[in-house]
Amino acid sequence: MDDSSVSHHNGGQVGSQIGVSVNNKQNDEPSQSVQYSIPGILHFIQHEWARFELERSQWEVDRAEFKARIAFLEGERKGQENLKNDLVRRIKMLEYALKQERAKFHKLKYGVELQQGDVRPPPEEPTSEPEHAERAQWKQGRQLIKQYLQEIGYTDTILDVRSNRVRALLGLNNEEIENPNYRNYDKQQHDRCDYSMNHMVRKYDYGGKEARKSTGGGGYNEEGLSVQETAAVFANFEFLTNQEMDMDEIDDLDAKQSHHICSKKGEDLDLEAEEVLNELSLITEREADGGGQGDEYPVGGSAGGAGAGAAAGAGAGEADEEPLALGELAQLTVSNEPEAYDVASANKESFRKTWNAKYTLRSHFDGVRALAFHPTEAALVTASEDHTLKLWNLQRTVPAKKSAGLDVEPLYTFRAHTAPVLCLAMGAPRSEECFSGGLDGTIRVWNLPPPTADPYDPYDPAVQGAVLRDHTDAVWSLAAAHGRLLSASGDGTVRLWAPRAARPLLATLRADESPSAPAPAAADFADAAARAAVAYRDGSLLLYDLETGQAVLRAGCEAGATRVRAHPTLPLLVTAHEDRHIRFWDAVSGRCAHAMVAHLDAVTGLALDPNGLFLLSGSHDCSVRLWNLDTKTCVQEITAHRKKFDESILDVAFHPLRPYIASAGADGLAKVFV
Amino acid sequence: MADGLQILRRNRPGSKAKEFCRWPDEPFEEMDSTLAVQQFIQQTIRRDPSNLEAILKMPEAQDEGVWKYEHLRQFCMELNGLAVKLQAECKPETCTQMTATEQWIFLCAAHKTPKECPAIDYTRHTLDGAACLLNSNKYFPSRVSIKESSVAKLGSVCRRVYRIFSHAYFHHRSIFDAFEKETHLCKRFTYFVTKYSIISKEILILPKLDDETPVGESEA
Chain W
1 MDDSSVSHHN
11 GGQVGSQIGV
21 SVNNKQNDEP
31 SQSVQYSIPG
41 ILHFIQHEWA
51 RFELERSQWE
61 VDRAEFKARI
71 AFLEGERKGQ
81 ENLKNDLVRR
91 IKMLEYALKQ
101 ERAKFHKLKY
111 GVELQQGDVR
121 PPPEEPTSEP
131 EHAERAQWKQ
141 GRQLIKQYLQ
151 EIGYTDTILD
161 VRSNRVRALL
171 GLNNEEIENP
181 NYRNYDKQQH
191 DRCDYSMNHM
201 VRKYDYGGKE
211 ARKSTGGGGY
221 NEEGLSVQET
231 AAVFANFEFL
241 TNQEMDMDEI
251 DDLDAKQSHH
261 ICSKKGEDLD
271 LEAEEVLNEL
281 SLITEREADG
291 GGQGDEYPVG
301 GSAGGAGAGA
311 AAGAGAGEAD
321 EEPLALGELA
331 QLTVSNEPEA
341 YDVASANKES
351 FRKTWNAKYT
361 LRSHFDGVRA
371 LAFHPTEAAL
381 VTASEDHTLK
391 LWNLQRTVPA
401 KKSAGLDVEP
411 LYTFRAHTAP
421 VLCLAMGAPR
431 SEECFSGGLD
441 GTIRVWNLPP
451 PTADPYDPYD
461 PAVQGAVLRD
471 HTDAVWSLAA
481 AHGRLLSASG
491 DGTVRLWAPR
501 AARPLLATLR
511 ADESPSAPAP
521 AAADFADAAA
531 RAAVAYRDGS
541 LLLYDLETGQ
551 AVLRAGCEAG
561 ATRVRAHPTL
571 PLLVTAHEDR
581 HIRFWDAVSG
591 RCAHAMVAHL
601 DAVTGLALDP
611 NGLFLLSGSH
621 DCSVRLWNLD
631 TKTCVQEITA
641 HRKKFDESIL
651 DVAFHPLRPY
661 IASAGADGLA
671 KVFV
Chain Z
1001 MADGLQILRR
1011 NRPGSKAKEF
1021 CRWPDEPFEE
1031 MDSTLAVQQF
1041 IQQTIRRDPS
1051 NLEAILKMPE
1061 AQDEGVWKYE
1071 HLRQFCMELN
1081 GLAVKLQAEC
1091 KPETCTQMTA
1101 TEQWIFLCAA
1111 HKTPKECPAI
1121 DYTRHTLDGA
1131 ACLLNSNKYF
1141 PSRVSIKESS
1151 VAKLGSVCRR
1161 VYRIFSHAYF
1171 HHRSIFDAFE
1181 KETHLCKRFT
1191 YFVTKYSIIS
1201 KEILILPKLD
1211 DETPVGESEA
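As you go down the protein sequences, you meet chains W and Z in turn. First residue of the first sequence: 1, per this note's numbering; consecutive thereafter. First residue of the second sequence: 1001, per this note's numbering; consecutive thereafter.
Derived from the structure by calculation, the hints contain no laboratory data. Bear in mind that the values here come from a model prediction, so they are computed numbers and not experimental data. Some hints could be false.
As a list, the in silico PhoX-like pairs of lysine-lysine whose alpha-carbon atoms are at most 20 angstroms apart [to be verified]:
id, chain 1, residue 1, chain 2, residue 2
1, W, 146, W, 67
2, Z, 1138, W, 107
3, Z, 1181, Z, 1091
4, W, 358, Z, 1195
5, W, 109, Z, 1138
6, Z, 1091, Z, 1112
7, W, 92, W, 109
Please model the complete structure; the sequences and the hints are all you need to start from.
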């Protein structure tokens, strides 16, 4: 019971005491004047007995009160332990997620299942078994108190008024009293908690310094948190009778349980172990400071943290505060939800920034020299040194036939080149065509089979389109825009084509007429396809006007270039170089706007995303890097391919519409990242 | 492509076709890549495609399974060249079935139920199927070590691949000869399957190909 009821009791006692003393006076006075008489003595004894009886009943009342107090404190303890349990479960969840992550990581890294002790989801909430003996005892005690109180004049209504009110507020009408049922469970949970705390600390100890740091902090905070939270809970529960608290606790637990399930799902997606740790420290941090600073923990935590002690004393007996207290309780339940979503969305955020390998395209017998995405579909074409091109549909993963284990099987194999295929360009959307250039000096136009094609369909010669044969040496680079095609060849020329026209060759661009002129390494359309940017093997960069065929801008450096890309919206050219640099050029002034060492070896592939915000680069150092074009900082590095001789990554690409990036390697593989 | 101190064996964009892969040989012992065997085989072939002894001389301490596997990859890859040539001449109308001699009609195993594909389809499907199998993550997840059970898969690929040679030999002789003159592929293949007893001798129906192969009237 709380103080208000105590004071009521006192009032009652005082009243009865006064009554007694009045009686005493009335009876004592005559006994003083009158000599001792048997009836007088009897009366006195009777009177005394009545007084003792009264006192005794008073003590009983006190005892009952203390019992109630004890019961309340038990409830308190239970509340605290439930909180603790919840935190333990949360830790276990995180632990489990971490284990899963670790196993996954291990599997991805070494290709073997990680053998660890017990990877299984944390145990379900144990079902509480009512212990009838204990419950009966408790009920009995309660009945006793009721009886005493009735003797003194308390009615059931007054006795239960608070609980009734709370019940009404909660919309509950369950009379069940469950408190004792939880005791064993609490104890069990408590033990488990201790165990898992140790376990966790031990686990994280080998998880690296950072992990240990955050966990250490977490562990410590955990303790502090318990105390603080307990105080808050004290305040919250002060107004409630035990069984109501139980109800709430049950609801609370259920809510948290579901929260865990959903947060676990989120984690299952693709949560990095690091993020688990972050989350852990986030939670502990947030809760440790009473939630005052946390966004998601507004009233409940701070009120509980700050005014915990005060609320227990001062707020007592103020029925007006009950809704607030309940509000806090509700907060306690609900506050987990936004947090869960927050974590999930945070994951999503980082997920969006991080590209993960999803498809490995294996079917080429030799290095993949180039790849290009379909303009709209989740499909791509790869070109290889094995003289073939292959079409892949990423949305048609292979049903396990003879090639089980393959992520994607090629839809179609394009055969016509008689030498390694070196470059690729995709036609405009809906044209369903692509172009390839090879070491054999030919440029071939291909009509893409529909994405529903079967790899074992009959041969259709119509897939092969026109062949452009004007180049006299290897064709190293192709770019397509507005129905025109730009090619750079080892014969020293860059040519402009209208591939579908009767006379496809439109123009031939040469740096100069001398036979020793450097060969172009790469070419790209610039300035809405009105110009051509050509990077040469000697490092020079020329911008040609495609109307006149004349070079309008000359820039460059000493280091041999391998690739050039024009920014989709800005007058900016990006070149990749043998000297590990990526250089940025102002397409108006020809000034080198920025130069950076981008890789550990020659840069071989460049791609700009369709919005011109990110740059993708590949290098013979086996890594693909994603750059923020604005800050020129590396956002992500992916080690993607293995070396064959001294070559590794040969091309990279962005999907023009969909969130795919891809890399092509000398190891004969192409990889697609999402 | 010797850059003074260091030889970088790579093909640079813009280089000439005749420079392609024309770098100094690298001793097999110095190849530390996972693709060392492929590198070594290709390097030996480039040096002299007619020197079968050299091409098929397995380095010491080399895993034989990987050696055979990499050679078969190389065969299938180079067979693309024959397929390209056949595409121009071998039409479904003329070669409605995959045959070599009149003795057998070969059924295409690329389909759920093997069927009588025209020769050109058989050729393409067989090469595509071989590409899938040889790149299968299930059977050949690694290129440095291969399970014994997967090595057994090589035999059936070899048998089917050989039919492409035999069809070309018996039905498109000029293409076969031109291709063989250029690559010595069928000779090498026969030498390979005989040396490692992958195909039984009875199946090798082509007459022994000697150096006196008639000078084919190049491609039609």
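Status of the hints after comparison with the structure:
With a C-alpha separation of about 12 angstroms, the suggested pairing of residue 146(W) with residue 67(W) holds against the 20 angstroms cut-off. Restraint check for residue 1138(Z) and residue 107(W): satisfied, since their Cα atoms lie roughly 16 angstroms apart, inside the 20 angstroms limit. Of the pairs offered as hints, the one joining residue 1181(Z) and residue 1091(Z) is violated, with about 23 angstroms between alpha carbons and a cut-off of 20 angstroms exceeded. Proposed proximity of residue 358(W) and residue 1195(Z) is contradicted: the alpha carbons are some 41 angstroms apart, above 20 angstroms.
Of the pairs offered as hints, the one joining residue 109(W) and residue 1138(Z) holds, with about 17 angstroms between alpha carbons and a cut-off of 20 angstroms not exceeded. Simply put, residue 1091(Z) and residue 1112(Z) have alpha-carbon atoms about 24 angstroms apart, too far for the 20 angstroms limit, and the pair is violated. For the hint linking residue 92(W) to residue 109(W), the alpha-carbon distance of about 25 angstroms lies beyond 20 angstroms, and the restraint is violated.
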